[in-house]
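Okay, here's what each chain looks like letter by letter:
Number of protein chains: 2
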Amino acid sequence: MSKDIDPVLQIDDGDTVRIHTVDCFENQITSPDMDFDTVDWSRQNPATGPIFVNGVAAGDVLKVTIGKIELEDRGLATVGPSGGVMKDYIEERFIKMFDVDTALNTTGFNGLEIRLNPMIGVIGNAPYDAPVPNSTPGAHGGNMDCKKITEGTVLYLPVFHDGALFGLGDVHARMGDGEVGISGLEIGAAVTVKLEKAASINTNHPVLIDEEGINMMVSHESLDEAVDESVRQMIKLLKPHTDLPLPEIAMLMSLVGEAQINQVVDPLKTARFFIPYYLLDHYSIDYGQELKS
Amino acid sequence: MSKDIDPVLQIDDGDTVRIHTVDCFENQITSPDMDFDTVDWSRQNPATGPIFVNGVAAGDVLKVTIGKIELEDRGLATVGPSGGVMKDYIEERFIKMFDVDTALNTTGFNGLEIRLNPMIGVIGNAPYDAPVPNSTPGAHGGNMDCKKITEGTVLYLPVFHDGALFGLGDVHARMGDGEVGISGLEIGAAVTVKLEKAASINTNHPVLIDEEGINMMVSHESLDEAVDESVRQMIKLLKPHTDLPLPEIAMLMSLVGEAQINQVVDPLKTARFFIPYYLLDHYSIDYGQELKS
Chain A
3 MSKDIDPVLQ
13 IDDGDTVRIH
23 TVDCFENQIT
33 SPDMDFDTVD
43 WSRQNPATGP
53 IFVNGVAAGD
63 VLKVTIGKIE
73 LEDRGLATVG
83 PSGGVMKDYI
93 EERFIKMFDV
103 DTALNTTGFN
113 GLEIRLNPMI
123 GVIGNAPYDA
133 PVPNSTPGAH
143 GGNMDCKKIT
153 EGTVLYLPVF
163 HDGALFGLGD
173 VHARMGDGEV
183 GISGLEIGAA
193 VTVKLEKAAS
203 INTNHPVLID
213 EEGINMMVSH
223 ESLDEAVDES
233 VRQMIKLLKP
243 HTDLPLPEIA
253 MLMSLVGEAQ
263 INQVVDPLKT
273 ARFFIPYYLL
283 DHYSIDYGQE
293 LKS
Chain B
3 MSKDIDPVLQ
13 IDDGDTVRIH
23 TVDCFENQIT
33 SPDMDFDTVD
43 WSRQNPATGP
53 IFVNGVAAGD
63 VLKVTIGKIE
73 LEDRGLATVG
83 PSGGVMKDYI
93 EERFIKMFDV
103 DTALNTTGFN
113 GLEIRLNPMI
123 GVIGNAPYDA
133 PVPNSTPGAH
143 GGNMDCKKIT
153 EGTVLYLPVF
163 HDGALFGLGD
173 VHARMGDGEV
183 GISGLEIGAA
193 VTVKLEKAAS
203 INTNHPVLID
213 EEGINMMVSH
223 ESLDEAVDES
233 VRQMIKLLKP
243 HTDLPLPEIA
253 MLMSLVGEAQ
263 INQVVDPLKT
273 ARFFIPYYLL
283 DHYSIDYGQE
293 LKS
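Top to bottom, those sequences are chains A and B.
Residue numbering for the first sequence is 3 to 295, as defined by the numbering used here.
Residue numbering for the second sequence is 3 to 295, as defined by the numbering used here.
Heads up, some of the hints might be wrong.
[Said to hold, decoys possible] With a cut-off of at most 27 Å between alpha-carbon atoms, the simulated DSS-like pairs for lysine-lysine come out as follows: (1) B/K196 to B/K5; (2) A/K238 to B/K89; (3) B/K199 to B/K241; (4) A/K241 to A/K199; (5) A/K196 to A/K70; (6) B/K238 to B/K199; (7) A/K199 to A/K238; (8) B/K238 to A/K89; (9) A/K5 to A/K199; (10) B/K89 to A/K241; (11) B/K98 to A/K241; (12) A/K199 to A/K70; (13) B/K5 to B/K199; (14) A/K196 to A/K5; (15) B/K199 to B/K70; (16) A/K238 to B/K98; (17) A/K89 to B/K241; (18) A/K98 to B/K241; (19) A/K98 to B/K238; (20) B/K70 to B/K196.
None of these hints come from the bench; they were simulated from the model.
Starting from the given sequences, assemble the full structure and let the hints guide the process.
Okay, here's the thing in structure tokens:
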């Protein structure tokens, strides 16, 4: 993602768009038996975009309401020696194709039925400075690989350049927290999103709201630091809404907050810190109210 | 915890015991207004034990079925400059007392009602070699601070010495994943557990089974390494039960496994890797079958 790529589409603040995406290998892999030497591995995690949103300026926050995620009917997963927790134990790249039943929301894994949890792996705005590869997450969003970025959720993304220059891709039909093998069930899709300028939230990192509560997402080389910073950023977000002194907020985070993991396999790792909705209600914080109506 | 502490109780394989515990400061703190200079902070995280279990030998695995956790009606939480994610931002130790309603399973935090999730912070066997402070987790168990160690779950602990030399303490009335502030809602309790030699599981790290599935717990200085090793240990546990080659197991873990966090504030951090029950069913793995009957 980059501020220097020309927009492929210009829309107005509040418009809804339906975005077609290809899988994380740009649909180059069609069979587990093909010659992988013909695959260009540099074409990883393509995002569709950038989209220029009129009326959204540098310094704003972009509110992305995730609508329908329409999956294609065939996807793939991969493991290998180049990445993932088990990379030192796997000698060569292994690829498996999956037929996906979008009506029943299931797929099969050697006779085991697995339910799908369709989600968006790469989603973000153009980063502040130098281009960031789509494989890498950061304050701009990018490859956060969060299974909570799914239908019905609202994602808030910092805007570094006029128009936001938004893009998304790398949809997964199924993934667990950690994405420990390096890939989810990678698949092409059509994703509908509503893009608008956020009215009430100010954040330096991506924030996600769903039916359960609010999640602060921070990416860092070290998971330890990503977790710690996600807590600090959540406290920063919460503090203006309460008279509690800092020690009491920290204590409250310890009792009701949850340190969670998006992924541990991308060039930077991503943690999310979650607090439940009743905390937002108690402090009259109105981010994402439309979720509750 | 240590192999050199004399047992306080000797029981038979399969016996059930009710264990009284004091809070993580040995009940020294009775009011937020007391003089904390009188508190001996070295008396942290006391565990009740060791209990010698007849018929359990070094090299076995101890199966601990967690029964009732009966909380006292008053507990406390603390934050401060000596530990926790926010330690660099909090100038002096702050302590808050909590009245706990065990009938309604709630407590209050400045007008906010919080539901309790009673859990055991410290639980383990005598470690293999040198004594390990109760504040520190490890392969023997110890201060794993896992909110899933609660009523109705089964914990499997490696046994390093004859009789297991089991102990537990540091009960929390409420805690979120991460325990980011350094303490949960610390409280005295009576905990009923059944202790027996495990028949069917072989593990080098604590394993927990609940209604949802199975969790592998690994502690390490770095959360990054704790997560990675928890995945490797889970695969080691699963591998004998399936004909899938390693790359396919790694892929399956990526799709249906979940990398989760126990705590990030103890001398070692603890990660857990979770796989859902249907995976155990599919591979005819019968750990903890009694949970399902």
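Right, here's what the structure says about each hint:
1. Taken as a hint, the B/K196 and B/K5 pair is honoured in the structure, with Cα atoms around 21 Å apart against an allowance of 27 Å.
2. For the suggested pair A/K238 and B/K89, the alpha carbons sit about 15 Å apart, so the restraint of at most 27 Å is met.
3. The straight-line distance between the Cα atoms of B/K199 and B/K241 is roughly 22 Å, inside the 27 Å bound, and the hint therefore holds.
4. Taken as a hint, the A/K241 and A/K199 pair is honoured in the structure, with Cα atoms around 23 Å apart against an allowance of 27 Å.
5. At roughly 11 Å between alpha-carbon atoms, A/K196 and A/K70 fall within 27 Å of each other, so this suggested pair holds.
6. The suggested pairing of B/K238 with B/K199 holds, with an alpha-carbon distance near 21 Å, which does not exceed 27 Å.
7. Taking the CA atoms of A/K199 and A/K238, the gap is about 21 Å. The hint holds against a cut of 27 Å.
8. Proposed proximity of B/K238 and A/K89 is supported: the alpha carbons are some 15 Å apart, at most 27 Å.
9. Restraint check for A/K5 and A/K199: satisfied, since their Cα atoms lie roughly 18 Å apart, inside the 27 Å limit.
10. At most 27 Å may separate the alpha-carbon atoms for a hinted pair to count; B/K89 and A/K241 meet this at roughly 17 Å.
11. A hinted pair counts as satisfied when its Cα atoms are at most 27 Å apart, and B/K98 with A/K241 qualifies at roughly 19 Å.
12. For the hint linking A/K199 to A/K70, the alpha-carbon distance of about 20 Å falls within 27 Å, and the restraint holds.
13. Taken as a hint, the B/K5 and B/K199 pair is honoured in the structure, with Cα atoms around 18 Å apart against an allowance of 27 Å.
14. Taken as a hint, the A/K196 and A/K5 pair is honoured in the structure, with Cα atoms around 21 Å apart against an allowance of 27 Å.
15. For the given pair, B/K199 sits about 20 Å from B/K70 by alpha-carbon distance, which is consistent with the 27 Å threshold.
16. Distance hint between A/K238 and B/K98 is fulfilled; the C-alpha atoms sit about 22 Å from each other, no more than 27 Å.
17. A distance of roughly 17 Å separates the Cα atoms of A/K89 and B/K241; the hinted pair therefore holds under the 27 Å criterion.
18. Restraint check for A/K98 and B/K241: satisfied, since their Cα atoms lie roughly 19 Å apart, inside the 27 Å limit.
19. For the suggested pair A/K98 and B/K238, the alpha carbons sit about 22 Å apart, so the restraint of at most 27 Å is met.
20. Annotation: proposed proximity of B/K70 to B/K196 holds, straight-line Cα distance about 11 Å (limit 27 Å).
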